[in-house]
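Quick mapping for you: the protein sequence lines, in order, are chains D and W.
Residues in the first sequence are numbered consecutively from 0, following numbering that gives the first Met the number 0.
Residues in the second sequence are numbered consecutively from 0, following numbering that gives the first Met the number 0.
Since the hints were derived computationally from the structure, they do not count as laboratory data.
Some hints here could point you the wrong way.
Just so you have them, the derived chain W footprint on chain D, three or more residues with Cβ under 8 Å [as the list claims (entries may be wrong)]:
#: 1; stretch: 1-15
#: 2; stretch: 47-58
#: 3; stretch: 61-75
#: 4; stretch: 120-131
Residues of chain W clear of chain D, computed beta-carbon distances all greater than 12 Å [claimed, not checked]:
#: 5; residue: L192
#: 6; residue: F299
#: 7; residue: V359
#: 8; residue: W377
Every residue, glycine too, gets a C-beta built ideally from N, C-alpha and C.
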Amino acid sequence: MNRVGALRASISHGMGLIALVIVLALLWTQADPVRRQLATAARTRHEVTSDDDLYRLPGYVGGDWPIVAHLRSHFPPGTAVSIPRRRAFDRRIMHGFWFALLPDYPVRSEASLRITLRRLVDSHQRILVGGSTFALVDGETAQP
Amino acid sequence: MLAAFVLWLVAGLPTLVPFLRRDRLGLGLATVPFAGWLALTLPWIWSALVGASVSGWWWQALVAAVLVAIVVEVLLHGTQAGNHQHVDGVRGAAVAIASTLLSAAAVAHLYVGTRLMVGGDPTIGWDGVLWLMRAKVLADLPGPYLGPLTGPQGHWDYPLLLPAWLGWLRRVGGLQLKELAVGMGVVAAVVPLAGGAVLLRRGNPLLTTACLLSTFALPRALELHYGIYCDAFLTLTNTVAFLWAACAIRDRDEPLLVGAGIVLATTVALKNEGILWLIADSVAVGGYGLALRRGGRDAFAAVFRLCLPGALVFAVWQIACASLGMRNDMLMAMRWDLALSRAKGVIESLEWTAIQLGNVILPVSALLLLAGLGLGGWRRGGARVAALLVGPAIYLAGLAFMYATTPHSVQWHLLSSGDRVMWGVFPVLLSLTLFAGHLDPSSRPRDSRAA
């Protein structure tokens, strides 16, 4: 390689080094949320030893866990459940029900077993079991 | 869990056959993880096509048969590891630093993946819930059969590669839901390593490493990746495919182009945006070939080889979805009448998102690009860059078109996913600097069998 070629290669490596240093510095700053998550996980990872432990956390089904437990103990796998998708429902908890029930208990809008907000249950409806926010009922409920 | 990882790689081994025939063991091994990911989706696609459960060992038997074919191939014809280009001096040191950094990043990602509990609040967004829930459902079903799942759980028409991968780890590896971040750690470790294994000796090694690691330097990318989102995975695979394809055209390396096509097919199998990247990369690489004066026929043949695997994946998945009665909501509900009136606002919003996202990487890319053009010659380098720049331009135009015709609010789209869908542009822009003026003239492999 001649002198010009060597100079070009040196400049090129220098530019590569600058780009790499900037990318690594940015990467380090962007890793903050993951570092915080790692610190949280280190404190709690031994408290969750099974998937059911995970579903019982407030970020999932939380206080509505009795509904899942009742379904599993009283209805065979394959029984369809309705979890209406409406803005009035707590979407976070709805996701928790999905995690806990699928695929053993298919979610179908036409199912007679319904998980619904407690405040929407009519007096003539039969509540099978209630949780902190939701209830499992058999039959139609009022619309939010 | 080890069995799950071993079987994943074994599932990708069939791709070794064509690479072995060309004495490209290294490139073949780098392609195996991507082919393995594609293979994990096969049972689901097949079940959707035949409309029934296909649980059983038929596909493992298929893989075993191909393994036997590989052994026979090696025994009959032998193989050689390829003529590695020897490097020394400053360039050798740069390769050593780059290899060390990529390996260190891989170890760090594996550590994060194994230590991170997806507990507490993994459901940081709609997409994260969907991917994680699908992974759980696919893993817990008695056999691969999507039939009962086309109900209100939403968007089973999305490509299935990520849930198939995570579901595989849960089903075969016995991982709990909280442990599925392990799979995301493996993705973040393996893709840059496989990309770098092929690329480090072909271009500026430090700049290549910067390109491969730049995905996680973008705002929220690392956090969302471990929140079980597809987007960083998509960006990583597309960056590798783009770099491999551009190097393949530059170096007239057909096997590398085939490898790039397989990696691009992985991108298509990950997310709907993958098909936009397939079109964008193919046009850009074809244009790059023309800018290098390869001739129209050669450029067209290169584009065909590059996009064939991805186009097949897209077509088969669309047929499978149609056979299950699933339809792509986004495409079916397009409001064509809104396109023109919304276009200006959408383009302005995307511009603003890009500036916010790339507040460091964008100016760095621009400076490196200008420096590269200065080193390599403005006229020839400018044509090459303009050709490759068509890729991200097509991708952004595709995004603008989809956002302009969506039945939903444009602002909602931008707030919920605008940054994530634009991540992929920045590593590609940084990659352009590698090709601006062939930044490191000493790096061109003397033999196409460099990896």
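> Of the hints stated earlier, which fail here?
Replying inline: The structure breaks hints 3, 4 and 7; every other hint is satisfied.
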